[in-house]
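**Student:** Let the sequences and hints guide you as you build the complete structure.
There are 2 protein chains.
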Amino acid sequence: MAEPLRIVVVGGVAAGPKAAARARRLAPDAEITIVEKGEVLSYAGCGLPYYISGMVEDRNDLMATPIGVLRDPEFFAHVKDINVLNKTEAVAIDREAQELEVRHLPTGTTERLPYDRLIIATGTDPVELPIPGSDLENVLQLKRVEDADRFREVMITEQCPYVVIIGGGLIGMEMTEAVTECGSAVAIVEMLPHVLPMLDADMAILVEEHMREVGVTVLTSSRVERIEGDENGKVSRVVTSSGDAPAQLVLESVGVRPNVELARRAGLLIGPSGGIHVNEYMQTSDPNIYAAGDCAEKSCFTRGTPCFLPLGSVANKEGRVAGSNAVGHAERFPGVAGTTALKIFDWNVGRAGLSVEQAGELGIPVTSATVAAPDKPHYYPGAKTIVLKLVAEKATRRLVGIQGVGEGEVIKRIDVAVTAMTAGMTVDEVANLDLAYAPPYSEAMDVLIHGANVLRNKLDGLVRGVTSVELHDRLEAGEDLMLLDVRSPSELEEGGIPGSRLIPLGDLRSRAAEIPRDRSVVIYCKTSLRAWPACRILAANGYDNLEMLEGGLAAWPF
Amino acid sequence: MAEPLRIVVVGGVAAGPKAAARARRLAPDAEITIVEKGEVLSYAGCGLPYYISGMVEDRNDLMATPIGVLRDPEFFAHVKDINVLNKTEAVAIDREAQELEVRHLPTGTTERLPYDRLIIATGTDPVELPIPGSDLENVLQLKRVEDADRFREVMITEQCPYVVIIGGGLIGMEMTEAVTECGSAVAIVEMLPHVLPMLDADMAILVEEHMREVGVTVLTSSRVERIEGDENGKVSRVVTSSGDAPAQLVLESVGVRPNVELARRAGLLIGPSGGIHVNEYMQTSDPNIYAAGDCAEKSCFTRGTPCFLPLGSVANKEGRVAGSNAVGHAERFPGVAGTTALKIFDWNVGRAGLSVEQAGELGIPVTSATVAAPDKPHYYPGAKTIVLKLVAEKATRRLVGIQGVGEGEVIKRIDVAVTAMTAGMTVDEVANLDLAYAPPYSEAMDVLIHGANVLRNKLDGLVRGVTSVELHDRLEAGEDLMLLDVRSPSELEEGGIPGSRLIPLGDLRSRAAEIPRDRSVVIYCKTSLRAWPACRILAANGYDNLEMLEGGLAAWPF
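Top to bottom, those sequences are chains C and A.
Under our numbering, the first residue of the first sequence is numbered 9, with each subsequent residue one higher.
Under our numbering, the first residue of the second sequence is numbered 9, with each subsequent residue one higher.
Treat each hint with caution, since some may be false.
Intra- or inter-copy, both count: the list cannot distinguish identical chains.
Said to hold, decoys possible - Keeping only pairs whose Cα atoms sit at most 30 Å apart, straight-line, the calculated DSS-like set for lysine-lysine is: (1) LYS392 with LYS151; (2) LYS95 with LYS151; (3) LYS392 with LYS351; (4) LYS242 with LYS151; (5) LYS392 with LYS466; (6) LYS151 with LYS466.
For the record, the hints were derived by calculation from the structure and aren't laboratory data.
**Tutor:** Listed below in structure tokens is the structure:
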């Protein structure tokens, strides 16, 4: 009888256990070992903010199976026949001998584990902030379950009327909601001009407005200069380039980087994104060593360049592929679309592919369209507006990016767009997708279809658009343009853009002579659904100075 | 100056107004006329059940723009510059003269409208039931707004403790919910073995169980023999092959057929599905005449055969394409996936492409996988189970069908699958889609990804499955098989299949000798997530008589 295949997995959170479980199912005779530095395995790291907010009451829910069985080493041994060495650190890989050196942390004992296949799933490390005061008490990071325990303990046992969150990425945003729901006043500090830098400015600014409406202080383009403490060494305030913010608790969440030390020391190739280089079989530069999850470099098919994307969904898929290949069941991972999703208070936020800003950085000519529309028919109770921005490559008309924000069902549209982008569909193809329709779910022409049609109209040269941020910048710069509001007079009470001329759409044919020809005319209504025919009516009268405010007032944050 | 292009549109509900509006935007000088038999235009026919249930309180909401402007002939004339002849019937097309003969119904006056392009959007007619008693008072159909008014009037002004709905298609199902919510007891009578015949039996039967739980009487495989009335000529009961049902109100909703009389009399080609034959430009056999919406035949790319699919979403898209082409802006409509969606009480139901039964009828070899899983992580509040069934073509591994039912977010998964099917993706590609992940929206491995992976495992020969209906039939036929329940003992209180042997998954390796080799072993747990590794454990012990109950107890309706 042949020797059993020895598989050693480093990392026990997401990709690691997934790879181990997949390998076990395909290779019942293999010897499979997971090495995990922490105590707890296979926990839902993405659920930590909801544990901190109290929405998830029982910490064990994050590390139990759906029927409540804790995924501890005994569970892995008994149910999955997988050996787990927890509280054990992987120290070094001896590639020649095919051995992993590990150290049991409580005792300091070291051991060498022979392997036929090694799978590295070491995840990420938080980026450290080089600012004075980071070492004060109650300045925390959030990476592991133990960090969440500490955070929750401070929130519950100490007075924390003010909390400062440094970093406006996904974790910072989710924690802003979690901490606000605990009753603290939150200030979030972001160094870049906007939170969520994976969104274009016109979309990110809508999210910031929603956060401010809920009472969050949003400080953008703001650098943290230092964190100051009180006489007991506890944090008391955060000093930023935009002023001071009081704080009894500070979360540093300025990002994470792939944890590649073990791989680097073993001489494995590290990619340009900083992750461990892997091929589509999740194989590193050593064919007996695989990498999966946050520590592994991703290929992003919309960017065409390697990227770093730490997400549990990608980690699980990669883990499965690595586990399959490690036991000889060939399987490929095609890469990612760069999809991210986020719930922030009452809003849903999602994006995938290229933003207009990213396309610009990459030198890819694109056209975009922003639309605002209800997520189901206006007559159906509970219909909520969402704002979608679609991005197409000019040369091919392929959809290459999507962003969506709002109270309505954004994420469904993101997922459809991700699938379309993965398949390389044009916006013309997206516009004719036979999406599920019934009044509880969508309009007859779904907002995504509507967005694709607006984008087609723009690509066909039938209409020109201007985004909220572009228009605002031009107005600020003093450009002499005409703002034409084509709503009904009764809608004026809902607000508008100061300095606009009102000509309801129905009167535009007879009053076209009132429109100037010598300067830009920017046309809008509530969502710009009426601005589009208004553009066409005036174009028929020979006007070529027309622009439609994309998304209308529904996407106007100023 | 050239003569303006004359466009005449027959039909003012969905595809017709859409075609007219699109033509207007592209061709500002065209003369555009809509001919509509009824009084009311451009109303949301799909919203009628929600108007009847009272969920939509104001009838005008169904025929107004999102800002509440009624889409009456004045609106079309003033805002859209489109001439509307309502209460006017299209009598005949003179293709040689390029004239449409119309009759103004209130006066009987006829008129001939010259056209350069004619667009037929005459919709559907309800199928009439040839049963005695159909002419009794309070035996109604639901097609137009006026029918809904009548229905609502009867429900409100008369005592209707019992309502019978004949036909378990989409309208029958939506009306079952609407009428139940009005407080009446509903019996729904379907001639076929199950409601919603576009679903496979194992999925439809789950929907029927949900309806019964809510208190609906579901009579399947039941033929209506006659409708009986009382001394005043009002309906009193419905006599079916499964017994009598009392009724003060009966809805006949046994289906609709394309309204093609005008086209047929003009000699236009009618397709095998009964709809007006069109090419991908929505052009009929007369190049100056287009057809769009429910009256036009659809090309269904998963079936590969023409089909009939009366849906507002498809009608709107086709209307836009017809309107574009009518004014010379070339645009194609690629066909449909056969997508339908339905909310029935607390459940969401959707499907697209081929069911296993349809694939069988068409002779296409397919493999399917049914999975049950929560729509978001089990620890996140509000997570609800859904049951998904994926169908792949064996030869190509392409996804060709999807069905989903349950309380959770089914429709997002349907829309993603529709997009994947449209692109011709394999289940391997679907399994690696970079779908949006965050705990409020999905599990790290979304249920659709999970379903695709189970289907891959089946296609790869790693596991065999049996559906609930197949297993039930085999048990009923007295087959001597072993039912192996691999749950924990604590879960037994949630029920199970009588006659099962319990061996928890964790004990299976040590107790494998208890499993017989001489008959089929069907393995299950709550969702069959544990049945899959159980199959692999036993397969490693040389068992080749294993089947997994697909979807587990969560998809077991018996």
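**Student:** Taking the hints in turn, state whether each one holds.
**Tutor:** Results for each hint:
In the homo-oligomer, the alpha carbons of LYS392 and LYS151 lie at most 30 Å apart only across protomers (28 Å), although the nearest pairing inside one protomer, at 34 Å, exceeds that limit. In this assembly of identical chains, LYS95 and LYS151 lie within 30 Å of each other by CA distance solely inside one copy; the values are 16 Å within and 68 Å between copies. Proximity of LYS392 and LYS351 under a CA criterion of 30 Å is satisfied in both settings, with 15 Å inside one chain copy and 18 Å between copies. When the C-alpha separation of LYS242 and LYS151 is checked against a cutoff of 30 Å, the pair qualifies only within one copy, where the shortest distance is 21 Å, while the shortest distance between copies is 70 Å.
With identical chains, the CA atoms of LYS392 and LYS466 are at most 30 Å apart within one copy only, with a shortest distance of 26 Å there and 41 Å across copies. In the homo-oligomer, the alpha carbons of LYS151 and LYS466 never lie at most 30 Å apart, since the shortest distance is 44 Å inside one protomer and 37 Å across protomers.
Checked against the numbered hints given earlier, the structure breaks only hint 6 and satisfies all the rest.
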